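Enquirer: Per the numbering used here: the sequence shown = residues 1184 to 1347.
Hint data in this document are derived by calculation from the structure and do not stem from the laboratory.
All of these numbers come straight from a predicted model, not from anything done at the bench.
Any given hint could turn out to be false.
To be verified - Result set (PhoX-like, lysine-lysine): computed pairs, CA atoms no more than 25 angstroms apart in a straight line:
(1) K1303 - K1343
(2) K1223 - K1265
(3) K1205 - K1303
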Amino acid sequence: MATTELLPLPVTKGLGDRLSEKRKNAALEIERLVRDKVEKNEFGDIKVIIVILQKDFTLSANPNNRKGGLMGLAATAIALGKACIGMHLPELIPPILACFQDQDPRVRYAACESLYNTIKISRSSTLMFFNPTFDGLSRLIADNDANVRYGAEMLDKLVKVGWG
């Protein structure tokens, strides 16, 4: 199936937009698309969507694409819900954690938000990623950027509740 069939052009354009509101709207559309795929048991398509978000967005040279990719991954996690997220965590979590080390503080903050939303859905299922999550959080809590530190603190609180 072609990329444009899974993620329509307006969605991919929206994810890379410089305006946060357009990225958010694109992420909401991804959430809707993934919910439809879950209802139809089209989990192969969901894996392809995750790969597209990872390769075309979170690994992009453009920080807006990286932020949009992170929003898309979080939207995917939300759409999967508690019942289905476990089988997709190995594809969802690593690209988010990789963005913890991004040079752009806005991308690091977006990674905190994305992981927060993913852990909020999956809770203890993410325990297999405890070590890299803890390592990333320990770096972000001491980040130079106040927004990144705030995002890391919120994520830290959720991790303590979700895994505790």
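Enquirer: Against each hint, give a clear statement of whether it holds in the structure.
Expert: Hints, one by one, checked against the model:
1. For the hint pairing K1303 with K1343, the CA-to-CA distance comes to about 11 angstroms; that is within 25 angstroms, so the pair holds.
2. Our distance criterion of 25 angstroms between C-alpha atoms is met by K1223 and K1265, whose separation comes to about 17 angstroms.
3. A hinted pair counts as satisfied when its Cα atoms are at most 25 angstroms apart, and K1205 with K1303 qualifies at roughly 24 angstroms.
Hint check: no violations occur; every hint is consistent with the structure.
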